[in-house]
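Trainee: One letter stands for each residue in the lines below.
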Amino acid sequence: MELKKWLRPFEELKLEQRLSILTIWIAGVLFYWFFATSGEKRLFPPPGKVWEGLYSLYNEGLMVHIASSLGLCLKATLISIVFSLIIAYLSPVPFLRPVAVTLSRLRYLPLTGITFYLAVVVSDARTMQVWVLTIFMSLYFITSLLGVVKDIPQEEIDHARSLKCNRWEVLWEVVIKGRMDYVLDVLRQNLAIIWMMLVTVESILVGAGGLGVLIKNSDRFMNHGRIVALQLVILLVGLGIDLFLNTLRRMLFRYSKI
Amino acid sequence: MSAYESKDIILQVENLSVVYDEKTIIKDINLVEKDTQREGKVQGQTIAFVGRSGRGKSTLFRILTGLAVPTTGKVLIPDMIKVNGNPPSIVLKEVREGDVGFVDQKYTLFRHKTVYQALHYAMRNTKGTEKEKREQIDHYLADWGLSNVKNQFPNELSGGQRQRTAILEQLLSAGIFIVLDEPFSGLDVGNIQNVKRAFDLVNGSNELNTLIFSTHDIDLAVELADSIYVMGYPTLSKGTLATYGTLLKHYNLKDMNLAWKGDLTKEHLELIQEIKQTMLTS
Numbered sequence: 000m001e002l003k004k005w006l007r008p009f010e011e012l013k014l015e016q017r018l019s020i021l022t023i024w025i026a027g028v029l030f031y032w033f034f035a036t037s038g039e040k041r042l043f044p045p046p047g048k049v050w051e052g053l054y055s056l057y058n059e060g061l062m063v064h065i066a067s068s069l070g071l072c073l074k075a076t077l078i079s080i081v082f083s084l085i086i087a088y089l090s091p092v093p094f095l096r097p098v099a100v101t102l103s104r105l106r107y108l109p110l111t112g113i114t115f116y117l118a119v120v121v122s123d124a125r126t127m128q129v130w131v132l133t134i135f136m137s138l139y140f141i142t143s144l145l146g147v148v149k150d151i152p153q154e155e156i157d158h159a160r161s162l163k164c165n166r167w168e169v170l171w172e173v174v175i176k177g178r179m180d181y182v183l184d185v186l187r188q189n190l191a192i193i194w195m196m197l198v199t200v201e202s203i204l205v206g207a208g209g210l211g212v213l214i215k216n217s218d219r220f221m222n223h224g225r226i227v228a229l230q231l232v233i234l235l236v237g238l239g240i241d242l243f244l245n246t247l248r249r250m251l252f253r254y255s256k257i
Numbered sequence: 000m001s002a003y004e005s006k007d008i009i010l011q012v013e014n015l016s017v018v019y020d021e022k023t024i025i026k027d028i029n030l031v032e033k034d035t036q037r038e039g040k041v042q043g044q045t046i047a048f049v050g051r052s053g054r055g056k057s058t059l060f061r062i063l064t065g066l067a068v069p070t071t072g073k074v075l076i077p078d079m080i081k082v083n084g085n086p087p088s089i090v091l092k093e094v095r096e097g098d099v100g101f102v103d104q105k106y107t108l109f110r111h112k113t114v115y116q117a118l119h120y121a122m123r124n125t126k127g128t129e130k131e132k133r134e135q136i137d138h139y140l141a142d143w144g145l146s147n148v149k150n151q152f153p154n155e156l157s158g159g160q161r162q163r164t165a166i167l168e169q170l171l172s173a174g175i176f177i178v179l180d181e182p183f184s185g186l187d188v189g190n191i192q193n194v195k196r197a198f199d200l201v202n203g204s205n206e207l208n209t210l211i212f213s214t215h216d217i218d219l220a221v222e223l224a225d226s227i228y229v230m231g232y233p234t235l236s237k238g239t240l241a242t243y244g245t246l247l248k249h250y251n252l253k254d255m256n257l258a259w260k261g262d263l264t265k266e267h268l269e270l271i272q273e274i275k276q277t278m279l280t281s
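As you go down the protein sequences, you meet chains W and V in turn. So the first sequence is numbered by numbering that gives the first Met the number 0: it starts at 0 and just counts up by one. So the second sequence is numbered by numbering that gives the first Met the number 0: it starts at 0 and just counts up by one.
Among these hints, one or two may not hold up.
The following label-pair restraints were derived from C-beta to C-beta distances [claimed, not checked]: (1) Leu238/W with Asn205/V: 51 to 61 Å; (2) Asn14/V with Gly146/W: 52 to 62 Å; (3) Asp150/W with Ser157/V: 21 to 31 Å; (4) Gly158/V with Leu95/W: 53 to 63 Å; (5) Arg106/W with Asn205/V: 53 to 63 Å; (6) Thr128/V with Leu238/W: 49 to 59 Å; (7) Leu18/W with Gly158/V: 30 to 40 Å; (8) Leu95/W with Ala241/V: 37 to 47 Å; (9) Ser157/V with Leu238/W: 44 to 54 Å; (10) Thr128/V with Arg253/W: 42 to 52 Å; (11) Tyr116/W with Ser157/V: 54 to 64 Å; (12) Leu268/V with Arg253/W: 42 to 52 Å.
Simulated from the structure, these hints should not be mistaken for lab results. Remember, predicted model here, so these are calculated numbers, not experimental data. The C-beta atom is built at its ideal place from N, Cα and C for all residues, glycine as well.
Hey, can you work out the whole structure from these sequences and the hints?
Mentor: Written out as structure tokens, the structure is:
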């Protein structure tokens with residue numbers, strides 16, 4: 000009877016039952032992995048190879064590369080979030096709105112064209128990586144932040160105005176202070192794209208190291224164990240950042256109920 | 000007749016009309032409300048606007064609060080500086096954004112401010128020392144039963160606490176006028192009682208205090224208000240209905256001896272029927 004519930008749409012299950020389902024799926028994936036990689040022909044490397052790959056990566060300075068990637072991510076994120084916030088917060092000003100909307104539309108620009116022009120003005124690989132990431136992150140951040148500003152109900156604006164707030168005070172209280180928790184959420188939502196982009200940028204411009212360089216080198220030598228090990232590391236680091244930001248939002252903003 | 004005296008004009012609306020994109024929303028709105036004085040009792044004013052949906056009540060309220068500008072006409076309210084200073088006679092001025100408090104039906108508050116912070120912010124332009132403001136806020140919090148939630152954010156408040164905070168915040172900021180757009184919409188019996196209590200507190204604290212609200216609950220309008228305006232589409236000479244809202248009828252419940260009664264009498268019920276009939280044909 001209980002098992003029947005597991006297959007019924009919209010059924011609310013107890014925590015133990017949800018954990019059981021999760022365990023079954025993890026065990027299933029692991030079993031499939033072991034089973035599907037035990038023969039001669041195989042698409043994925045077996046767990047042993049992945050472990051070996053991870054071990055060799057560790058010995059070759061995996062942690063340094065992770066730190067390098069995180070450093071790049073942090074630097075580009077800080078620059079782009081500050082720039083994006085200024086653009087998005089000023090978007091309610093009619094004269095400046097076209098700037099924000101145009102920048103948001105530019106997210107459809109291809110990466111290659113931009114890197115060409117950046118290469119003309121920037122020679123250092125690390126600086127180049129930071130700027131490529133900053134430009135593209137900003138375009139996504141601006142798009143999401145514009146959505147946050149647009150979704151503020153008219154009632155909240157009217158409420159502030161009825162409390163004798165001038166228009167700049169409305170902007171400060173309702174948009175900037177009142178939506179600070181949303182900034183962290185925008186960061187979280189866009190992080191998956193950013194993290195993926197970061198690895199790509201690092202693999203295009205290999206001079207400054209990072210996880211992207213490791214994956215490119217492993218790819219060149221068709222070392223599947225290392226490639227999968229790296230994919231798992233990148234996935235786990237990404238999930239770790241997501242968890243950190245979510246915890247930070249809950250800790251800092253008690254009033255947040257997204 | 001209830002013993003009362005009408006003093007100075009407290010609200011005057013002249014030839015108000017609003018047109019959006021060549022569509023007339025409201026037209027020919029004229030009204031005058033005066034300060035009511037009852038012997039031995041502090042009595043504010045409670046004015047209700049009733050009418051079917053889409054007749055322009057919310058548009059009129061945005062104009063009354065100065066949040067929107069009318070196409071023609073003006074809204075005049077007492078100049079508070081003159082009221083409090085010398086000479087004491089009331090001088091009228093055109094309403095501006097922030098002069099009149101506004102509470103919407105969702106009881107919107109700053110989501111990032113606690114109850115205390117919200118009230119303190121509402122008083123930021125009020126004269127007085129920090130200590131005086133703190134004491135005044137604490138006094139109101141106690142009177143309105145909000146002391147125990149003073150450090151809570153809106154998402155941590157119950158419906159009733161949220162309503163009282165929203166009304167109190169406007170009272171501290173705007174002074175004597177508060178406009179409430181459908182304050183009873185979607186509330187259960189207990190919360191309606193809370194809002195009624197808040198109305199009593201506002202009315203009983205200053206005789207110039209004036210509450211203006213809209214509602215679809217005619218029984219509540221008749222029970223609480225001392226002045227009721229029915230908004231609707233007027234009938235044109237050809238017998239068809241116009242497509243803009245205006246004031247069709249005004250009932251001065253003070254003159255009708257129906258104000259401040261507490262319980263509904265047979266006369267109240269007859270008035271309710273009359274108002275409903277007017278609404279149905281407009």
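Trainee: Evaluate each hint against the coordinates.
Mentor: Evaluated hints:
no.: 1; hint: Leu238/W with Asn205/V: 51 to 61 Å; verdict: 58 Å, holds
no.: 2; hint: Asn14/V with Gly146/W: 52 to 62 Å; verdict: 42 Å, violated
no.: 3; hint: Asp150/W with Ser157/V: 21 to 31 Å; verdict: 26 Å, holds
no.: 4; hint: Gly158/V with Leu95/W: 53 to 63 Å; verdict: 39 Å, violated
no.: 5; hint: Arg106/W with Asn205/V: 53 to 63 Å; verdict: 55 Å, holds
no.: 6; hint: Thr128/V with Leu238/W: 49 to 59 Å; verdict: 52 Å, holds
no.: 7; hint: Leu18/W with Gly158/V: 30 to 40 Å; verdict: 36 Å, holds
no.: 8; hint: Leu95/W with Ala241/V: 37 to 47 Å; verdict: 42 Å, holds
no.: 9; hint: Ser157/V with Leu238/W: 44 to 54 Å; verdict: 37 Å, violated
no.: 10; hint: Thr128/V with Arg253/W: 42 to 52 Å; verdict: 30 Å, violated
no.: 11; hint: Tyr116/W with Ser157/V: 54 to 64 Å; verdict: 57 Å, holds
no.: 12; hint: Leu268/V with Arg253/W: 42 to 52 Å; verdict: 48 Å, holds
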